[in-house]
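Protein chains in written order, with the numbering used here: chain A, 7 to 355; chain B, 7 to 355; chain C, 7 to 355; chain D, 7 to 355.
By construction, these hints were calculated from the structure, which means they are not laboratory data.
The beta carbon of each residue, even a glycine, is placed where N, CA and C say it ideally should be.
Some clues are possibly wrong.
Which stretches of chain A does chain B cover? Using the computed rule of at least three CB atoms under 8 Å from a CB of chain B, they are [as the list claims (entries may be wrong)]: (1) 31-41; (2) 256-262; (3) 304-310.
Simulated restraints, written as ranges between beta carbons of each label pair [to be verified]: (4) A:Asp195 - D:Gly139: 39 to 45 Å; (5) B:Pro122 - A:His174: 54 to 60 Å; (6) A:Asp175 - C:Glu96: 48 to 54 Å; (7) D:Leu196 - C:Lys315: 52 to 58 Å; (8) A:Val291 - C:Pro230: 57 to 63 Å; (9) B:Pro230 - A:Glu64: 50 to 56 Å.
4 protein chains.
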Amino acid sequence: MMPLHDPSARGFKSDNCAGAHPEVLAAIGAANGGHQPSYGGDVYTARLQEVFKGHFGERAEAYPVFNGTGANVLSLQAMTEPWSAVICAETAHVAMDEGGAPEKTGGLKLLPVPTPDGRLTPALIDRQATGWGDEHRAQPRVVSITQSTELGTLYTAGEIAAICAHAHDLGMAVHVDGTRLANAAAALDLPLRAFTTDVGVDVISFGGTKNGLLYGEVVVVVNPEAARGMTYLRKTAMQLSSKMRFVSAQFIALLEGDLWLRSAGHSNAMAGRLHAAVRDLPGVVMAYEPQANEVFVRIDADVAARLSKRFPFETWDEATGVVRWVCSFDTTEADVDAFAAALAGELRG
Amino acid sequence: MMPLHDPSARGFKSDNCAGAHPEVLAAIGAANGGHQPSYGGDVYTARLQEVFKGHFGERAEAYPVFNGTGANVLSLQAMTEPWSAVICAETAHVAMDEGGAPEKTGGLKLLPVPTPDGRLTPALIDRQATGWGDEHRAQPRVVSITQSTELGTLYTAGEIAAICAHAHDLGMAVHVDGTRLANAAAALDLPLRAFTTDVGVDVISFGGTKNGLLYGEVVVVVNPEAARGMTYLRKTAMQLSSKMRFVSAQFIALLEGDLWLRSAGHSNAMAGRLHAAVRDLPGVVMAYEPQANEVFVRIDADVAARLSKRFPFETWDEATGVVRWVCSFDTTEADVDAFAAALAGELRG
Amino acid sequence: MMPLHDPSARGFKSDNCAGAHPEVLAAIGAANGGHQPSYGGDVYTARLQEVFKGHFGERAEAYPVFNGTGANVLSLQAMTEPWSAVICAETAHVAMDEGGAPEKTGGLKLLPVPTPDGRLTPALIDRQATGWGDEHRAQPRVVSITQSTELGTLYTAGEIAAICAHAHDLGMAVHVDGTRLANAAAALDLPLRAFTTDVGVDVISFGGTKNGLLYGEVVVVVNPEAARGMTYLRKTAMQLSSKMRFVSAQFIALLEGDLWLRSAGHSNAMAGRLHAAVRDLPGVVMAYEPQANEVFVRIDADVAARLSKRFPFETWDEATGVVRWVCSFDTTEADVDAFAAALAGELRG
Amino acid sequence: MMPLHDPSARGFKSDNCAGAHPEVLAAIGAANGGHQPSYGGDVYTARLQEVFKGHFGERAEAYPVFNGTGANVLSLQAMTEPWSAVICAETAHVAMDEGGAPEKTGGLKLLPVPTPDGRLTPALIDRQATGWGDEHRAQPRVVSITQSTELGTLYTAGEIAAICAHAHDLGMAVHVDGTRLANAAAALDLPLRAFTTDVGVDVISFGGTKNGLLYGEVVVVVNPEAARGMTYLRKTAMQLSSKMRFVSAQFIALLEGDLWLRSAGHSNAMAGRLHAAVRDLPGVVMAYEPQANEVFVRIDADVAARLSKRFPFETWDEATGVVRWVCSFDTTEADVDAFAAALAGELRG
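Based on the sequences and whatever the hints tell you, model everything.
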């Protein structure tokens, strides 16, 4: 098959518009050939357990799944009873961008909280952390946070520690939507476990797709006491891959060496370069502090419309004029510089 | 990454124990690089529409998804109302092997019918096709058949035509679980549409994984009047791939040329070779007529236990001693001959 | 308000076509007036606990609900995990007559078993009691039986003991759909607990509506270790009555004295009288042994059509010509005699 | 059975702490005796259709159900597709007080909007009325309002007209949670249809329990084009009463004459009397304008604690010290005066 697209064209729309890292494709090739037990009985999925224990501690269990929606819904199902509720930020992907899958497919009741920048705090959690023992209220059982957040911001390790301590005090467990957890680690310059396992996180949706995989996420059960039925629920959630060796091989390629960190660090650096190039331009207002690989700014809607025809990106909020620019493992300095120059040109009229 | 497994080891456990066909991996490589719109806005998914129209007719719509459970549940959700029921064979994968996903995740009520060999008929359908207008009964709305069946048997085009005519007369639509639809086409020596579109099938779960893909199935809506909400339901069913170009590219590689037919025909031929080699062995009783790429036989349990240590395969039914042998696109004549010889040896004691 | 119907007209269609027993209405009157805490905080619901402990043992907990579908689905939800399955007879009300509510509303996977007369046995249970640990199979967790059955037959106490022992050995719990449990007790001439609590039953849907209540059933958790989340699940199952005192008062009227037994015994006796009057009529074939308050016979379809215009009753199975005649607490000897005479007349032509 | 409670004790906790109006009990008595078809085939349910058409117009269809949670979830299920969402006030009963039943049992995604006093407006609706065609967002399909609201406030007929016009312009339908619709009619001094049918409302959960019934609500489909599958969904929602004649007879007693209006007008008047008696007391701050039968005030927590021991009522919001006082059809002037005097006494210390 011949390529149908231009492999040199890149934009700033999303890190899932990028393709797969060559090392990832090579790993799939290495795992190919011959027969291996399906549904996770293969040697690659066995090795994957060791890789994840290395990053998240000896108790960690890794359950490969297909996509982020699946990872989140499965995590939350395994952490809750059928009468439970999940406290999350109003801007959480699980509340906003999964088409209602958590409620409709997962039977989950979400209790969203407005936040200034996508980050919960113990005080914000308390706005919904009420009503235990009252059958008229779905019982709060999990706090779900996103790291890095949907608005490109970061929790420090200490902030996550405080959330975990507070949640645990109230009898709740903590889930991290880690679609971009690698970007967080790179930005915080910390090992993955330093702001998850070590500060009390219970279950993580660990993202691979946005960091250079073809497909695949992993539900990491850091605290096995906080999740039950994972094996069965992964099947009923329709997230059990038959040829799981290929999901696992990709994650081994990502996490056994430093590919995860190289790629995430690079995309963060490109976002930083973009931020530096545009923040002082007249007509650009930063919407949130860009702390990982995403930059949110307010610009004129006409400028945004013209610019996005040349470099694809997304308008985040029509009402406020906020747009989102995302950098990927394959974003180049030249991409950033050309884009910043184009923006400057458009702003000048 | 180095291979962790022996790429020369193969067995007869399932066609999902095989890996990916080299042409499929090449297609992924061709589709890689640069940025493409996510969630199906890419050029490969656009081309895929044409490929599927070529096979299934101009009205056909192709919705790539991750796996077979997802394809089946999504198809049936799109074909039903929340108060509907689905008539299927008692041995249907959707009833037996999906961990309850249809009921638990899809909210589907199944009405299973015992069959002699995995195949429904109009008369068998009538055993459950009752109760319309009675609110105490989930309303039969879909007949779901599997082609080739879970027992390795085949419907002729005429048999499917009769089922479709009967179902349509009763106001029901017809779904085909086509996990192995390519094997059926090869065995029947018919174009795909000849026993689907042309005889009245409404929606198909078209399998890729068991015919040499890394991952991926396609829900083919042959009759758009028989399904609604596909786009939204694919998302809530957690089957929407972000980097969809890679699912689509695999299917283009499979279906644009004749790879699908070569691979399926080969696996059928290997099953035929195996059947021929073993059917007359004393101690072997054929359980079903092997019409595609699967062979079901009754053998002594001790023989099965010893043999499966050397060549992995599955005991299908402990109670009756039936075992299942599945051939794949990469099964070789030497594999078959060695296996048949080993069986003969074990049977001789 | 004036009556709109003829209060002297009665038939044999169902015990839920009868009204309420006068003692039940009197109890509602007694419980009326003044304010009482809603949602079960009232004194009648407190007293109800004692009444049920008296019948089912000191560990029994009573949860009033609205109707039988609700009682069954709630019971089974509380007894299962989201990945569990429930083994039941193919003719079970939960499988046949609840419009798919168990699957669609309760997220339950049923594993139905064909039976000769509506009764399961350990051997029949074993046809579905397989697959623990296999994520592709919903995990059998509960056996649900109906006493008296949907076909008017009875389990002996010993038969239920054998089912409970077998289920418990396999790690499953036992639910009884006791819509007509009172009829069973009257027919067996045993206290309620003798064929439930004392032989190992875990949870019961205890019927009131068909034994002379306006409305109301009670989920009786005989073994609190076998159910969890009852309070919350009753709310999410939409079965939490705000003015619960009126459900509870009805059940107190039924169960504190012997009203339950008088009424059930009477309806059984009327079915017995009917059986005796018709069993030897030419053209009448008994379909099942009538052991409680229901009589199932095969008669000519034209006879059935003419007769049911004079005395309403239901054709149970169009295909086989089986009809069902149900007696109620208010069925009189004269009703039975007139009906039997009419049948004899119709049969004579 | 003897009364177990004091029929002269009343409080201000909820209108569902009251019992049934004597005329309602009389209607049940009139409907009792003899046999009537179950599940709504009876003459009372037939008459009920006429009664509701009289109040809500010739197209209105009335579906009796058991309780308010059931009425709301059933209404919203019938008005939506499986991928739809429902816009409601953050304080809506459906969002706050149904234990997650809408999400968990109904598969509904709610899009709550903060409001000043429990009332939505077109502008507030627009905060969530976005994203049609975007599969990542559950598709807004219904606006649900409560009349009178959970905070004791009222929409005018004009305000509801504006909401309906706006919703319909956007392709959405309008549901009214009318648990206290009678109170609204009495307060507005308008026929029921003047602020529902005549201004564009599509479906209503019409409350009976809080206005003097034993139990029972009615889903009124004012616009049959806005709901589908009602009959089947009522069954799967476990809200189909077998002895439906008794639900219908109660509603006939309520609505055929003016009992509904007398009772609602009386409870409103008692709330008005209470409001007048307390609003100028030092230490009492009105939380919302009391427009129907509920009064919300801020008082000192210790005062509230002491007072509620003498006259039961509910603390609505621990954080703000708001308490709720609800008047019923059986609240007397003496009750109100004694309560107001007790409050004044407590406030004086």
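The hints, checked one at a time:
no.: 1; hint: 31-41; in the structure: holds (count 11)
no.: 2; hint: 256-262; in the structure: holds (count 3)
no.: 3; hint: 304-310; in the structure: violated (count 0)
no.: 4; hint: A:Asp195 - D:Gly139: 39 to 45 Å; in the structure: holds, 41 Å
no.: 5; hint: B:Pro122 - A:His174: 54 to 60 Å; in the structure: holds, 57 Å
no.: 6; hint: A:Asp175 - C:Glu96: 48 to 54 Å; in the structure: holds, 50 Å
no.: 7; hint: D:Leu196 - C:Lys315: 52 to 58 Å; in the structure: violated, 47 Å
no.: 8; hint: A:Val291 - C:Pro230: 57 to 63 Å; in the structure: holds, 60 Å
no.: 9; hint: B:Pro230 - A:Glu64: 50 to 56 Å; in the structure: holds, 53 Å
The structure is inconsistent with the numbered hints 3, 7, although it conforms to all the rest.
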